[in-house]
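Enquirer: These are the residues of each chain, in order.
Number of protein chains: 2
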Amino acid sequence: MANIKRLGAMLAEMDADWAVLTGADSVCFATGHVVPIEIGQSPFSGGPTVAFVGRDGSAGVVCPNTDGGQGGDYEEIAYAGFANAVTDQVGNYRASVSELITRIGLSGSVAIETSSFPRALSDLLPDDMRPMDVPLARLRAVKNEDEVTHMAFAAKVAAAGQNEARRLSVPGACEMDNFGRIRSKMEVMSNARCALAGEYITGVDRTSQLGLPISDRIIEAGDPVVCDLAPRVAGYWGDSCSAFVVGGEPTAEYERMYDAAKNTLELAIAELRPGLRVCDFDAKLRAHMKGLGYEYPHHSGHGIGTSVHEFPRLVPDETALFEENMFIMVEPGSYVRGLGGLRCEFMLRVTATGAEVTAPFEMTCK
Amino acid sequence: MANIKRLGAMLAEMDADWAVLTGADSVCFATGHVVPIEIGQSPFSGGPTVAFVGRDGSAGVVCPNTDGGQGGDYEEIAYAGFANAVTDQVGNYRASVSELITRIGLSGSVAIETSSFPRALSDLLPDDMRPMDVPLARLRAVKNEDEVTHMAFAAKVAAAGQNEARRLSVPGACEMDNFGRIRSKMEVMSNARCALAGEYITGVDRTSQLGLPISDRIIEAGDPVVCDLAPRVAGYWGDSCSAFVVGGEPTAEYERMYDAAKNTLELAIAELRPGLRVCDFDAKLRAHMKGLGYEYPHHSGHGIGTSVHEFPRLVPDETALFEENMFIMVEPGSYVRGLGGLRCEFMLRVTATGAEVTAPFEMTCK
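Chain order of the listed sequences is A and B. Mind the numbering: the first sequence is residues 1 to 366 in the numbering used here, read in order. Mind the numbering: the second sequence is residues 1 to 366 in the numbering used here, read in order.
Hints were generated in silico from the structure; no laboratory data involved. Each residue gets a CB set at the ideal place from its N, CA and C atoms; glycine is no exception. Incorrect hints may appear among the rest.
As the list claims (entries may be wrong) - Calculated Cβ distances over 10 Å to all of chain B for the following chain A residues:
| hint | residue |
| --- | --- |
| 1 | 70 |
| 2 | 77 |
| 3 | 89 |
| 4 | 95 |
| 5 | 104 |
| 6 | 119 |
| 7 | 149 |
| 8 | 204 |
| 9 | 308 |
To be verified - Computed Cβ-Cβ distance ranges for the label pairs, DEER-style:
| hint | chain 1 | residue 1 | chain 2 | residue 2 | range |
| --- | --- | --- | --- | --- | --- |
| 10 | B | 280 | A | 170 | 54 to 62 Å |
| 11 | B | 249 | A | 253 | 22 to 30 Å |
| 12 | A | 75 | B | 252 | 32 to 40 Å |
| 13 | A | 124 | B | 366 | 14 to 22 Å |
As the list claims (entries may be wrong) - Per the computed footprint, the stretches of chain B lying under chain A, defined by three or more beta-carbons under 8 Å from a beta-carbon of chain A, are:
| hint | region |
| --- | --- |
| 14 | 174-182 |
| 15 | 187-199 |
Whole structure, please, built from the sequences with the hints as guidance.
Expert: Okay, here's the thing in structure tokens:
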């Protein structure tokens, strides 16, 4: 899944010699090295795991010894972060970066990630530093063949979670407990623990609001459920959202609202294609939804890959064009006090001529 | 739970004017602001959430708008990280830090955290920067009254997870599935999602090795189980490890090995007290275990708080002294090919005169 050659081409275009990747998402994109993230930055690290990629195709990774040996095609130094002794993690991190820089022959100009480059590495690298945030985001948006496979599996894991959510959403069950069981289903399928974003919200009142945390609420018959599942599987994110009514008997108004969102998602599948402008796509979806009597206050969707939300974001002022092998989440929804909320979200892959749903799952409110 | 005054005293001792906290753990320790960590750095952030604490007791936090409004006693700027528009997260982050610096009147010298301070903030702060890694680690090790309450609850959540693990460890159950259910139990008790470190490993072969990932293995009667649970509850970590045999009939050798670890843990409870040197305590535990015929290749334990592993680490060369209201994990264990593995871990609070177990749970192998 590594993208060393593609990064080399980006560097040539920027006229930079080396890329220094410090975001966990970018390290994985560049080299395939998966940085564990689910308890935040490792307490055994002296700074962010860093990957170096040269214009000539050289690559190296410096990571704590808890995460080394993943076997990718790069030089690796796994420094003592965890040891049965007093350990100077920052010192070991800096020394290992120095050593790797020598080993791979890094010199010239470097491209860095502004949001994650640590001050602790500033004096070890050439003074000629330039941000690569924008070209890197654009490069990451288009997936290579291996990445397409990874995305497909992550989406399949999310779809399995959606099936489990539907099975577990019965009167008497608890939101938080169900969310744990759904997570467990996805982790068994991945045969690994997964970082997980998303929500599982139930009831008319709660689903009509955005941004609530999962709670210990007990589910009742007739409750709307909004289930948004985004598991990270081997460094790549799946995402998905379903909405349905417990017991399968929605009110006529809820069903009408649901059909509007589903119909808008179907329009998205029919319309998405390479060369289309993101803002035009976004506007078309919003106008369609509004024509059916509903609207949503959030983005129409977002790119996804080694980060759960990445370029391009589907917002009214994004002028970028869609390209083949972008993975795009599309998620029209509606949230109405007294009626409840819903959101219909599939992962779409932009194909040569249109779009296809990656790992579809049941999309009905009944 | 904020430690603004204590940080002020530390700054006075360092002769620095302001502390700039950029680790999620330190931000929580300083201000009580809880940074979400369970999907790593937020895709809606322009850099690490930062807290400023002045020697005079002023405090401020800059965080993405997804995490603001927690109501702590500090100035807050929650910048647009998530918006229904193209968003320059790094630009917004930097602008908000600039604005907060003006608002709180930051000037003079600043103390920084080496492992997390971002290059993106370097030019916004005074040139007079000095690392506070060592004094901050020592300050964080001793908990204030509110923190003691937080730690006690986090330990109680871990203990509830241990009870659930014992209940679910039956023939036919799956490691990964059980781990999800145990997590779910702890999240229901916390009424919140929890980042979770730890492991749940079963069988003679697997428990005799360290560092294996949780798998889809199916549990059999007579299996040893090693269950290490460390949930993060409202910014503070619990931790715990139990070991037992499915069906409750250990072999005589396994029971002898178990008794050695349990006995060593009991010695630790009896011996731990303020003023004791960490390396002396560590040596005593290792010697005791060895006298009983077993040994462990890892630390004897570690401090815990807003990070799951923090100062002091219980290793042979740590010369620091224990102090009242340190929370210390102690975890003697043994791992033997053909016999299996085990580890007995409680959270101990150092009291004025000795130590007490925080939230004990069943510690037998049967």
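Enquirer: All hints are to be evaluated individually against the structure, with a verdict given for each.
Expert: Checked hints:
no.	hint	result
1	70	12 Å, holds
2	77	17 Å, holds
3	89	7 Å, violated
4	95	13 Å, holds
5	104	21 Å, holds
6	119	5 Å, violated
7	149	21 Å, holds
8	204	21 Å, holds
9	308	6 Å, violated
10	B:280 - A:170: 54 to 62 Å	57 Å, holds
11	B:249 - A:253: 22 to 30 Å	60 Å, violated
12	A:75 - B:252: 32 to 40 Å	50 Å, violated
13	A:124 - B:366: 14 to 22 Å	55 Å, violated
14	174-182	holds (count 6)
15	187-199	holds (count 8)
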